[in-house]
Amino acid sequence: MLNLREVHSGYGPCEVLKSLSLEVRAGEIVALLGANGAGKSTTLLTIAGVVPVRAGEITWQGAPLPNGKADAVLRAGICLCPEGRHIFPRLTVLENLISGSYLLPSNRNAAKLEEIFGYFPLLAERRNQLGGTLSGGEQQMLAIGRSLMGEPKLLMLDEPSLGLAPQIVARIFEIVRLINRTGVPILLVEQNAQQALRIAHRGYVIVTGRNQLTGTGAELLASDEVRQAYLGE
Amino acid sequence: MTAQTLIEILINGISRGAMYALVALGYTMVYGVLGMINFAHGEIFMIGMFACVYALGVFSLMWGDHAMVNLTLAMVVAMVFSAAYGYANERIAYRRLRKAHVLAPLTSAIGISTFLQYFIFLTVSKDSVNFPRYYSDWLTNNHLRLGPADVTYLQVTILGLTLVIMGGLYYLINHTRMGIALRATAQDQLMASLVGIPVNRTIAFTFILGSALAAIAGVMFSMYSNVLVFDAGYRVGLKAFTAAILGGIGNIPGAVLGAMILGLTEALTTLQFGSEWNDVTTFGVLMLVLLLRPRGLLGERVADKV
Numbered sequence: 003m004l005n006l007r008e009v010h011s012g013y014g015p016c017e018v019l020k021s022l023s024l025e026v027r028a029g030e031i032v033a034l035l036g037a038n039g040a041g042k043s044t045t046l047l048t049i050a051g052v053v054p055v056r057a058g059e060i061t062w063q064g065a066p067l068p069n070g071k072a073d074a075v076l077r078a079g080i081c082l083c084p085e086g087r088h089i090f091p092r093l094t095v096l097e098n099l100i101s102g103s104y105l106l107p108s109n110r111n112a113a114k115l116e117e118i119f120g121y122f123p124l125l126a127e128r129r130n131q132l133g134g135t136l137s138g139g140e141q142q143m144l145a146i147g148r149s150l151m152g153e154p155k156l157l158m159l160d161e162p163s164l165g166l167a168p169q170i171v172a173r174i175f176e177i178v179r180l181i182n183r184t185g186v187p188i189l190l191v192e193q194n195a196q197q198a199l200r201i202a203h204r205g206y207v208i209v210t211g212r213n214q215l216t217g218t219g220a221e222l223l224a225s226d227e228v229r230q231a232y233l234g235e
Numbered sequence: 005m006t007a008q009t010l011i012e013i014l015i016n017g018i019s020r021g022a023m024y025a026l027v028a029l030g031y032t033m034v035y036g037v038l039g040m041i042n043f044a045h046g047e048i049f050m051i052g053m054f055a056c057v058y059a060l061g062v063f064s065l066m067w068g069d070h071a072m073v074n075l076t077l078a079m080v081v082a083m084v085f086s087a088a089y090g091y092a093n094e095r096i097a098y099r100r101l102r103k104a105h106v107l108a109p110l111t112s113a114i115g116i117s118t119f120l121q122y123f124i125f126l127t128v129s130k131d132s133v134n135f136p137r138y139y140s141d142w143l144t145n146n147h148l149r150l151g152p153a154d155v156t157y158l159q160v161t162i163l164g165l166t167l168v169i170m171g172g173l174y175y176l177i178n179h180t181r182m183g184i185a186l187r188a189t190a191q192d193q194l195m196a197s198l199v200g201i202p203v204n205r206t207i208a209f210t211f212i213l214g215s216a217l218a219a220i221a222g223v224m225f226s227m228y229s230n231v232l233v234f235d236a237g238y239r240v241g242l243k244a245f246t247a248a249i250l251g252g253i254g255n256i257p258g259a260v261l262g263a264m265i266l267g268l269t270e271a272l273t274t275l276q277f278g279s280e281w282n283d284v285t286t287f288g289v290l291m292l293v294l295l296l297r298p299r300g301l302l303g304e305r306v307a308d309k310v
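Chains as they are written, first to last, in my numbering: chain A, 3 to 235; chain B, 5 to 310.
Bound-form chain A, shown alone (with noise of 0.2 Å):
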């Protein structure tokens, strides 16, 4: 579905991705491992149009993806939830939601909703509440409920794990995979490794902008190089 063909990009003169390469298929999951500063989170900036493709190619269902349009990829059905959850803090739970299906009908809104708040009940409760009130965890959810608002056909998380307790840590991977159920394909962009390669199908190593190493997440979770360099064993 997704296909990144040696794609450079960065920003002003500092170039972050150094022919990247990788691929999304129908229906999986796909982890995108590395280091801080390796690229991962410019990679999902780069797909989402926020920041240009410099060379390389992205097509996306077979034709090239618009470059460097954030409205123009959200509207072929890409959406990225970026790290650090980026919630309105002073837009309501549901005013938050609201704001993801921005370029789609409202009338589709109450059914959405209603899924979401089948995965995430805690946020009906919350609904009228401003979203900056909202605990880490809480605002994790909110930040992917707000990005199935968008109806996505690609869906991609940016270190949803980020500074949370492990027993939320685990709930949100599951639900992450509940969501990929439905045959929603994610590109998952993690610190936590263990966990990601856990849910993953397939998975890729990156390194200062370029591909380092690749698998199935079985594969890359027996790797002795991702057990030394992620895994801390």
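Some hints here could point you the wrong way.
Derived SDA-like pairs (lysine to any residue); straight-line CA-CA distance at most 20 Å [claimed, not checked]:
1) B/Lys-103 x A/Gly-14
2) B/Lys-103 x A/Val-52
3) A/Lys-71 x B/Gln-193
4) B/Lys-103 x A/Pro-15
5) A/Lys-114 x B/Arg-181
6) A/Lys-71 x B/Arg-205
7) B/Lys-103 x A/Val-53
8) A/Lys-71 x B/Pro-202
9) B/Lys-103 x A/Tyr-13
10) A/Lys-71 x B/Lys-103
11) B/Lys-103 x B/Thr-206
12) B/Lys-103 x A/Cys-16
13) A/Lys-20 x A/Ala-37
14) A/Lys-71 x B/Arg-100
15) A/Lys-155 x A/Glu-25
16) A/Lys-71 x A/Pro-154
17) A/Lys-71 x B/Asn-204
18) A/Lys-71 x B/Val-203
What follows is a list of derived Cβ distance ranges for each label pair [what the hints assert, rightly or not]:
19) B/Pro-298 x A/Thr-184: 49 to 55 Å
20) B/Val-168 x A/Arg-110: 44 to 50 Å
21) A/Gly-29 x B/Leu-176: 39 to 45 Å
Computed from the model, here is a short list of chain A residues facing chain B with C-beta under 7 Å [unchecked claim]:
22) Leu-76
23) Leu-82
24) Phe-90
25) Leu-93
26) Thr-94
27) Leu-96
Rather than coming from a laboratory, the hints here were simulated on the basis of the structure. Cβ atoms here follow ideal geometry from the backbone N, Cα and C, with glycine treated the same way.
Given chain A, put chain B in place with the hints provided.
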């Protein structure tokens, strides 16, 4: 103080405050979205004043003096002119500087402000222009008796119109898609663009909306004061900006509250000490409030922003 003077001070103060509020909203909305003070906003107000008076002249030449029709149309023309200038302002002077150091758009704003003042001074009017009495007489000479006090039709109109506009603005911001886009853009531009909100268009809309409100205030103010001068925007703009700071810049109800306090202070000062003391008392109030609440009356605490 008798009941009559009290009511008169209230009505005077609130109608002055209403005009300041319409201008203050422009400062506060732009600050809310871009985090910058648009120092050229007063000039947008002034352009609304002149556009209205010239439109009135043109209309009366074209189809004669139909007071209400011409006045309403002239107000629309003023809004369109101000909105166009406000939009051009954002497009030309601020958009490119959005990622620059905060002093860059600020300097640009001061430049635009001076440019517009002297542009109008040199091309439109070197002397002050009088508002055509024919249109304002009916509003200023007719009175409504409110208990022991007299209120002019103009004051009633200003109050009514401002109330309607505030209601509309409240609805727009809190209950529409555009309102969500506006608030989302103000709170987190990156995320706003990630959910598909057209950030540039939303910011442009903020300028257009603020400018149109300033134009309405400009028309009211020129009827109220009867004279139009090229630096009227500077004086009123400074007051409206003060009102926005007083209420907590970036906060919409705060701007209205600040403007009302300012208007009432001026009305009271005018009656007790004479209008030449207005600047002393209003800025005195500002300093007092800022000493006690540095973020203004309804300003956010830093913790709210996280």
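Against the structure, the hints come out as follows:
1. B/Lys-103 x A/Gly-14: 13 Å, holds
2. B/Lys-103 x A/Val-52: 15 Å, holds
3. A/Lys-71 x B/Gln-193: 15 Å, holds
4. B/Lys-103 x A/Pro-15: 16 Å, holds
5. A/Lys-114 x B/Arg-181: 17 Å, holds
6. A/Lys-71 x B/Arg-205: OK: A/Lys-71 and B/Arg-205 at ~14 Å, within 20 Å.
7. B/Lys-103 x A/Val-53: 15 Å, holds
8. A/Lys-71 x B/Pro-202: 11 Å, holds
9. B/Lys-103 x A/Tyr-13: Between B/Lys-103 and A/Tyr-13 the Cα gap is close to 14 Å, so the pair holds against 20 Å.
10. A/Lys-71 x B/Lys-103: 18 Å, holds
11. B/Lys-103 x B/Thr-206: Holds. B/Lys-103 to B/Thr-206 sits at ~17 Å (cutoff 20 Å).
12. B/Lys-103 x A/Cys-16: It holds: about 17 Å lies between the C-alpha atoms, which stays within 20 Å.
13. A/Lys-20 x A/Ala-37: 15 Å, holds
14. A/Lys-71 x B/Arg-100: Between A/Lys-71 and B/Arg-100 the Cα gap is close to 18 Å, so the pair holds against 20 Å.
15. A/Lys-155 x A/Glu-25: 15 Å, holds
16. A/Lys-71 x A/Pro-154: Holds, at roughly 16 Å.
17. A/Lys-71 x B/Asn-204: Answer holds: A/Lys-71 to B/Asn-204 is near 13 Å, not above 20 Å.
18. A/Lys-71 x B/Val-203: This hinted pair holds, its Cα atoms lying about 12 Å apart.
19. B/Pro-298 x A/Thr-184: 49 to 55 Å: 50 Å, holds
20. B/Val-168 x A/Arg-110: 44 to 50 Å: 34 Å, violated
21. A/Gly-29 x B/Leu-176: 39 to 45 Å: 43 Å, holds
22. Leu-76: 5 Å, holds
23. Leu-82: 6 Å, holds
24. Phe-90: Holds. Min distance 5 Å.
25. Leu-93: 6 Å, holds
26. Thr-94: This interface hint is violated because 10 Å lies over the 7 Å limit.
27. Leu-96: At about 10 Å, which exceeds the 7 Å cut-off, the nearest Cβ of chain B leaves the hint on A/Leu-96 violated.
When each numbered hint is compared with the structure, violations occur for hints 20, 26, 27.
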